[in-house]
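Now for the letters of each chain:
Protein chains: 2
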Amino acid sequence: MCANYYCNVLLYTELSLSVSTDAAMSPKITVELLRQLRQAMRNGKYITEPIQAYIVPSGDAHQSEYIAPCDCRREFICGFNGSAGTAIVTEQHAALWTDGRYFLQASQQMDNNWTLMKMGLKETPTQEDWLISVLPENSKVGVDPWIIAADQWKNMAKALSGAGHSLVAVQDNLIDAIWEDRPPRPSTKLIALGLKYTGLSWQDKILSLRGKMAERKISWFVVTALDEIAWLFNLRGSDIEYNPVFFAYAVIGMSSIKLFVDSKRLLEPAVRAHLELDSQSKPELTVQCFPYESVYTELQAVCAALTPKEKIWICDKASCALTQVIPKVHRSAIPYTPFCLAKAVKNPTEIQGMKMAHIKDAVALCELFAWLEEEIPKGTVTEISVADKAEELRSQQKEFVGLSFPTISSVGPNGAIIHYRPLPETNRTLSLNELYLIDSGAQYLDGTTDVTRTVHFGNPSDYEKECFTYVLKGHIAVSAAVFPNGTKGHLLDSFARAALWESGLDYLHGTGHGVGCFLNVHEGPCGISYKTFADEPLEAGMIVSDEPGYYEDGSFGIRLENVVLVIPIKTKYNYRNRGSLTFEPLTLVPIQLKLINTDLLTQKERDWVNDYHRKCRETVGAELQRQGRKEALDWLMRETQPFV
Amino acid sequence: MCANYYCNVLLYTELSLSVSTDAAMSPKITVELLRQLRQAMRNGKYITEPIQAYIVPSGDAHQSEYIAPCDCRREFICGFNGSAGTAIVTEQHAALWTDGRYFLQASQQMDNNWTLMKMGLKETPTQEDWLISVLPENSKVGVDPWIIAADQWKNMAKALSGAGHSLVAVQDNLIDAIWEDRPPRPSTKLIALGLKYTGLSWQDKILSLRGKMAERKISWFVVTALDEIAWLFNLRGSDIEYNPVFFAYAVIGMSSIKLFVDSKRLLEPAVRAHLELDSQSKPELTVQCFPYESVYTELQAVCAALTPKEKIWICDKASCALTQVIPKVHRSAIPYTPFCLAKAVKNPTEIQGMKMAHIKDAVALCELFAWLEEEIPKGTVTEISVADKAEELRSQQKEFVGLSFPTISSVGPNGAIIHYRPLPETNRTLSLNELYLIDSGAQYLDGTTDVTRTVHFGNPSDYEKECFTYVLKGHIAVSAAVFPNGTKGHLLDSFARAALWESGLDYLHGTGHGVGCFLNVHEGPCGISYKTFADEPLEAGMIVSDEPGYYEDGSFGIRLENVVLVIPIKTKYNYRNRGSLTFEPLTLVPIQLKLINTDLLTQKERDWVNDYHRKCRETVGAELQRQGRKEALDWLMRETQPFV
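Chains as they are written, first to last, in full-length UniProt numbering: chain R, 1 to 644; chain G, 1 to 644.
Be aware that a few hints might be false.
Chain copies aren't distinguished; within one or between two, either way the pair holds.
[Claimed, not checked] Heads up, simulated DSSO-like pairs for lysine-lysine below, C-alpha to C-alpha not over 30 angstroms straight-line:
id, residue 1, residue 2
1, K118, K378
2, K154, K328
3, K217, K572
4, K311, K154
5, K122, K212
6, K309, K158
7, K531, K154
8, K594, K355
9, K311, K196
Derived from the structure by calculation, the hints contain no laboratory data.
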């Protein structure tokens, strides 16, 4: 699935022609809620002095891409449930900023108490400018410091203070204060992953971290990203849909480990044993457990005990609340944490697990496509029913845990909506006449998958084949690229586009994102995109997606996505001993030959497709055989005939 | 010529194995100079309170890439004359920071009063850290605010104040104060360029600027870059070698034009007429002339007369002195000025001029190569004599003004030194056994050229041919690339490297830089580089170089450089009506066929070479004919035989 953080606002504006919208699209009535919120903004119970505006950002306290229902505060107050948007309520006004993907949806979900601020349009003011234009002099603007990142706080505070206002941290969240039936914070069962899956014990991860801390003279590291905590402790949860993470913080010192998590979760004997909570470990490898909420006071205590020269690492995307606990002189804000980087480079066990997960995933998809060939002519297969069937088939595979993101299952024109999710009122039937795009993936105990295939069950037009072939050429150009060690992913992005560009075509999203190992399907800090942020150099063991596409609004969408592993490659020469890298596809699902115009391929590209299909046959074929899935095996053999 | 601002310090470190060094390499004796400088640092004549350190940067008051002798203050104080370096003198210490290109040279040119700070090495402190480590508490660090850019000042001031020190602006330059025989600031004759060369009168450029100022509600624009001032007024000078610019400032308002320049230069009747100094122009198009030095006080006067909401544009790379004249509330600092952008997009007259200049330049080079073929077997041709001959042949061409940069003329291993400049003690003789690389260019009244060819006069080895062919493939991949309007140059950089990467090879400089039209051979804001700064989107009319290379230390260097024009191209499709672009080579000098391994070329690449050579024949051949340069014409016809 394309990482939406690689697209910018303007780009979404261009893509906003038609977006999927929710079933019940009548606006939420917010008169009473706004009255209550405004009352809270003056209520001494929450604030010492009344505030004139209150900002409600989208995120949670961990700056997660996906959030839990209890954190959907912006949706609660305004009704708009898209993935991105910020609400601001003043005494007189209520406004919501969102980007082009969501203009229609937001306008349908919000009542007329709300003004929609269309980001990316020239006439739309920024939040700062708007606040300055509507606020009385010397206003106070409140925000929950837990759900605003430190860098965002800094910018907003600067803009407001420049105009005579001030940004104030309101410790009690005012939405929570008026949200009567707010769901509780999830506290799902934790799964402890053994070395079989992780390859590295959490103790070794701690020791490796401490080595890096010692090198940089760092005393403590505050871990706030949920996937980093899950990765560190080799634990998984299901607090957030699709992301096997759990709500927690960790504060790691040179001789202590503090884990902040709901204590109920630690009653489970397997988890206790995994964390060695009841055994006599070495003191510096003993996990001290604290309630999730006590991270603030514990971090204060840690800071109070620092000697003048000691430093604490914290990511500059961490919450303002936690960042500001650390006095500036002790704070070392970093764009990527050591865990973010370490997690991105998979170890041999994780690589093996990712390979196994992709084979199982391919088995499920081969079955799905074989089934589709049978069923489509009956005219009863819909976008939703394919998505359901795909999930059912995946769930039959060993170590299946759940999906890694909502399945994008799209027929014809729906395929042109890049983040389409089929809903009853948009649901189309698959036919022999239209392209079908399915972008889906799963979480297995041993790995995470994410694969897109575009197929046609009848006779594709020459134009569809031509476009598909350009996308394939781009996919191959990246997948087969050889590049020096240390190359950043953005330098490969144009390889994916060259064939499309040559004919005047393009796609408006990045080419690839990092993929976690039984973790988030989107992870930093590497990727392949024309955008150059969040882009650490590629190194062997990193795993990214390779997913160029082409979209024609109102007609069709094409995307071809494999998850690929960065591997070393021996080249003829070795300039300055730098060594070279290339990619190995982990995804092993046939690419529909019917959609390829072979005249447009070079011999090298034809060889690549044949090699790829040979590997699909060998690896996935053997597993289909083992699982006795005869029809899918027949389908696989038919679909992987080599070109002559 | 490769733009060195596209390379970073680490990169240079890697390239520093062997560098060209100056003839007389005995160190400058600086005991007495340092004594005088330290005296000045305490002298109430220059400063109100003694300063404990004085920073001597490299640049001039206009942040020029090349500087005039009177601005070589850092060289004066420490002896080191490389193009990059900063000297800092405290009461006890004297230290010079420079990068890997210059470690050897600096160590040879400086006496033992100086500590060489090798930038890019881990153990080397930054200037800020070093100052903090050596200064007594509450120190004052002085710098001439005219030769430090506003953004550099900001960073240095912040670091120092964080450690309890302060950065102070010393208005009188302390080096000038002790530099007895300091050369005067050049004030060369100005040349007025008519519409025949410029295509746009300076009045129209002013009106166009005012349109942009009105759009953004800007009242004034302070122009400090010398090439922008030359471009604006359609005037050229020769104050700085190779760069046809002159020392000046301009401050442009919505109804006034203030030019700050040595008044003697305006006595020339042609210049007076050109600027309409003596005629009754409209008041808003009347140029008011002021002495160069009065820009500070005049800008103060402009600022004093501003209404509260008025804003002034100034580039964030302008000098700290001039930037700080503008009160913050009125200052709108911009990364690129409107002139920088406007100048980069050449108008039809400039494009025509650039084409003509490149034809004349090609005539000179064809003659040079024909001459070399004759002369080399005699064993008397050296790197220096070829450079001289090239200049002589260019100077025979109409409208020749001078070289656009020092000729890089390098035989065998010298070719691996990317910015090599032959000196008597490094001068090698051209032979039939080694590769020869010549990177050279000239200023003509109608345009600026910059071309690199690598040739072999005997039998190149298979390996040399292989490497040359990869470089050629990279050159063609960029030159023939088709890409959407609005693409940034850095997205094309990998195209130039793909063939080298495939074999494990690479080169450690950018692929292209912007080129001025009878202006600086390196200009922003576009380019083609793996570095992503200074990189505005490419648009039709921009002119850049395309110069991949391959360098093998101690053996040879290969570079193939054409100057290319960005042009629109009609593609089969036109996604979202964005339109597409490609490049048209302006440089028309044969590429040596002998060095090409045609087996490594695709048919498309072979066609490109044939087409290119056909164009050389037609265009340059006709001019050689017209000029009656028979031998060069014969050489051209021989060297441009099509592949079969």
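Here is how each hint holds up against the structure:
1. K118 - K378: Neither, since 43 angstroms and 74 angstroms both go past 30 angstroms.
2. K154 - K328: both (13 angstroms within a copy, 20 angstroms between copies)
3. K217 - K572: neither (41 angstroms within a copy, 58 angstroms between copies)
4. K311 - K154: both (21 angstroms within a copy, 25 angstroms between copies)
5. K122 - K212: between (46 angstroms within a copy, 16 angstroms between copies)
6. K309 - K158: both (28 angstroms within a copy, 19 angstroms between copies)
7. K531 - K154: Intra 23 angstroms, inter 28 angstroms, cutoff 30 angstroms: intra and inter.
8. K594 - K355: Classified as within; 27 angstroms inside a copy, 48 angstroms across copies.
9. K311 - K196: Neither: 35 angstroms inside a chain and 64 angstroms across chains, both beyond 30 angstroms.
Consistency with the previously given hints fails for numbers 1, 3 and 9, ordered from lowest to highest.
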